[in-house]
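J.: Residue numbers (our numbering), protein chains in the order written: chain A, 1 to 294; chain B, 1001 to 1382; chain C, 2001 to 2253.
The set of hints was computed from the structure by calculation and includes no laboratory data. Nothing here was measured: the structure is a model prediction, and the numbers come from that model. Just so you know, even glycine gets a beta-carbon here, dropped at the ideal spot from N, CA and C. Careful, some of the hints might be misleading.
Some chain A residues near chain B, calculated using beta-carbon distances under 7 Å [as the list claims (entries may be wrong)]: (1) R116; (2) R256; (3) P260.
For each label pair, taking beta carbons as the anchor points, the in silico distance ranges come out as [stated by the list, open to error]: (4) A/R160 with C/R2135: 41 to 47 Å; (5) C/R2135 with A/V55: 57 to 63 Å; (6) C/T2072 with A/A187: 49 to 55 Å; (7) C/T2072 with A/V150: 49 to 55 Å; (8) C/R2142 with A/F135: 21 to 27 Å; (9) A/V81 with B/S1293: 55 to 61 Å; (10) A/V55 with B/A1376: 43 to 49 Å; (11) A/V149 with C/V2131: 35 to 41 Å.
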Amino acid sequence: MEFFLQQFINAMALGGTYALIAIGLAMIFSVMNLINFAHGELMTIGGYVLFFLLVMGMPFGAALLLSLVAAALAAVAMELVAFRPFRNADIVTMLLTSFAVSSILHVLFQNFIGVRPKAIAVPPAISGALTFGTFNVGVVPLISILASVVSVVALVLFLRTTHVGVAMRAAAQDFRTTQLMGINANAVILAAFAISGLLAGVAGALWIFQRGAVDPVMGVMPLLKAFIAVVVGGLGSLPGAAVGGLLLGTLEVFLRAYLPEGLLPFRDAISLSLVIGIFTFYPHGLFGDADAVR
Amino acid sequence: MRKYLLAAGFSAMLAVSAAHADTVKIGLLGGQTGGLASLDQPLLHGAELAVEEINAKGGVDGKQLELISRDTRSDTGETAVMANEMVGLQVNFLVTPCDGDTTIAAGQAGQAAGIVTISGCASPPILAGNVGDYLFLNATPDNIQATALAEFAEKQGYKTALTLISPDSPYTDKLPQYFATVFEKDGGKVVSTVTYKMGQQDFSVEVSKIRDISPKPDVIVTSAFEPDFPAFIKQLRAAGVDIPVLGADAIDTATTFALGAAAEGVVFATHGFPENGNRLEQFDKRYQAKFGSAPESIFAALGYDLIEIIAATVKGAGGSLDGTALQASLNNIENLEITTGSITYKGMNRVPNRQVALVRVVDGKPQHVEDIIPDASKIPAP
Amino acid sequence: MNDLSGATKVDTAASGKPLLAIRNLNVHYGPVHAVRRVSIEVPEQSIVALLGANGAGKTSVLTACMGFLPSTAEGLTFAGRSIAGLRTEEIVRSGMTLTPEGRRVFPGLTVAENLAMGGGATAALRARAKVNRERVFDLFPRLRERLNQKAGSLSGGEQQMLAIGRSLMSEPKLLLLDEPSLGLAPNIVDQIFDLIVLLNKTGTTILLVEQNAEVSLDISHTAFVLRGGEVAASGSSAELRGRGNLDGLYFGI
């Protein structure tokens, strides 16, 4: 039971992080039909900013906040420089553009910062563990769960109560008609990028708490996972992305925890098979329908 | 007409290679970018320094060394393509990247062409047998590192051990198993083996499994390296598990020492330790002078070793750059003094015997524990 | 809306200068020349009907005016100002809006949110959104009852009301209506046309694209008939109605 509870916390922590990345991806897809494969690099950018600010001697909290801002700004810059010129291009062109942005950033990181991981010293308060009787739980998983919940709640409030938030949901459903409302399409898209960047920044920070270093390709693996989560949830659906992320994280953790040692090497194959199984029942993903973004 | 051109081209090629018979061409393939960069990049720098210094002193028996390096981007396919390019360039030595798969890919090209091929720092001892009689290792092989770690563990009084392995590479899979072989033969017991996937980063499940083992093992042995090792050790310590951890040479990098409290007390096997003005310390100083910063890791010194081994091989071949002569010469090297210590190929089937340095992380800095020359009778077969 | 029942006869004469003036508008879809040298004037305070068969280019004219379609024109002025090349949102803010064909309400947004989007272009509009919303509710009391329902769950007629109400939230001087009666039950269609007349009476100029030519000519002041992307006929609605043979005009028979 205790082992199960611990694994449950681990699952929610990992799933929550995947969900944050996946929601950002889904958000951009929903407003402009772009699967942004450079989204993972926003995590990396946030990580590098955190690293450099800490090296400059800034207190951890301030550096962390600024790194989130930097990830959001980087996302905005990506839209302005790379994606805006291809705004109405077909989906493949935009996909390739995002691949290009991703690999250009990899090269820039490698050549100007270095291929080797940069270690980030996380304060002991974050890297410690809490003990409740015999039950022992790391602080980082708890922070991951908390940060994911807070981010998602804040996002939902934003989307429901603010004008820009409602406009983003409108744009996700029908971009052209949103323009017909006299709403500034560029502003809505920029807001979507800023928020997706912010979420990527939060996810990147959580990732770094786990691994203690940032390197040029840090964002690649989580992005692939988040992409699977987005597809499982139904392309463009924000609740779908969140559920997909949690589902994938849970699958990964529980397979790792309960598969017999001899089957462990096949766990990715097994989890992907289960994911493919979902598509036989929900061909468009769990939340994949016309008005998925609510 | 076409035949004619071909023939002309061919004879031009022959002329070029004849003209360069007074140079020793070394084709160095390394992952200067990608997953192997933390190993291959310093290795290249060390090799560059060695070539420069040896050439400045007049080369080897009057022959200058020529280093031709290529970035394989840590990709096995690219490595194979570039190895064939090197064969085409008629290199005298081929150096392959720091891991098993790429070394096998490139080694097969070298083997087929009869070129002496040395893996820059891959350490699985099975590699030499996998590829053939032209493939040599440079780094301390895994079974020797593991034997040294087991001897150390026994001296600490550890009775039970847990091994953390990943079947994804021979290095991460086999080294802890060599340890287990030696440790159990001497009366210790490996109570559990936990498996991870390279690059998984989230170690929460593995850490929970380790924490739940009762009674807790005396020591954890792993050959995980970055980004896995930093993630693992951080999450292990974060979960309140204080079991000592033993690691291997791939974590002898700056990242490990920058991990703070998490890595404190970790002991790992490596290739040498710079102190008391020994050759390694002198190397570090010359390296600093050339590149403006201290070597990022021990792999820079291994790069220097590599060129010294090549120079000794050329010397031993008595002026011939023929593949078989170089092969025989390298197989004959015994107790050669190199930067990190001494190395012997003679009687070792192309997997060198080296002394193993044990290093502990203390206050974020390396501290020399001891040097171990494993008892040859204890070393497990590859 | 009782006072409007049967108000299909227009009694206020159209007056004044053109609010929207289109001169020699051309639209190309790749090699297809969909709109050819179309010139249309919409006088202030009038209802202008734009008629024609499917594919005649009616919707293209409207979307080109709204800046959605790349087009060329000798002149495209709204309220005396050129709107050629402006972005859609700028055109909407200047007082001209389109209720698109097929209603295009945001299905996942509530009625209230849909209306808020309609009146969300500028801070000034947002400040008056409450008042404007009450005016919309006066026209469509049903929307008030459905305020917190998802627009996707409304009936077709309710969605059309919402679509028009949403357009009104931007306080348009000129409302472009694209097939407002399409797919609606006959009694709802009547209501929609009554509403168009009412809106016009209260000061909104209307450019109406319709397939229902009979009623459109009844309520409009002037009309244009498009055929193959060109203006095939134009004149006062009464005069066009007098010609009788609309099919002939539509298809050139």
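J.: Could you run down the list of hints and mark each one as holding or not?
T.: Tested hints:
The interface hint given for A/R116 holds, since its Cβ lies 5 Å from the closest Cβ of chain B, which is under the 7 Å cut-off. Because the smallest distance between the Cβ of A/R256 and any Cβ of chain B comes to about 4 Å, under 7 Å, the interface hint for this residue holds. Here the hint on A/P260 is broken, as its CB sits about 10 Å from the closest CB of chain B, past 7 Å. In this structure, A/R160 and C/R2135 break the distance hint of 41 to 47 Å, their C-beta atoms being roughly 25 Å apart.
A C-beta distance of roughly 60 Å is found between C/R2135 and A/V55, which places it inside the suggested range of 57 to 63 Å. At roughly 28 Å, the beta carbons of C/T2072 and A/A187 sit outside the given window of 49 to 55 Å. Roughly 52 Å separates the CB atoms of C/T2072 and A/V150, a value that falls within the hinted 49 to 55 Å. In this structure the supplied range 21 to 27 Å is violated for C/R2142 paired with A/F135, their Cβ-Cβ distance being about 57 Å.
Roughly 33 Å separates the CB atoms of A/V81 and B/S1293, a value that falls outside the hinted 55 to 61 Å. The supplied range of 43 to 49 Å is met by A/V55 and B/A1376, whose beta-carbon atoms lie about 47 Å from each other. A/V149 and C/V2131 have their C-beta atoms about 39 Å apart, which keeps the hinted 35 to 41 Å range intact.
The structure shown violates the earlier hints numbered 3, 4, 6, 8, 9.
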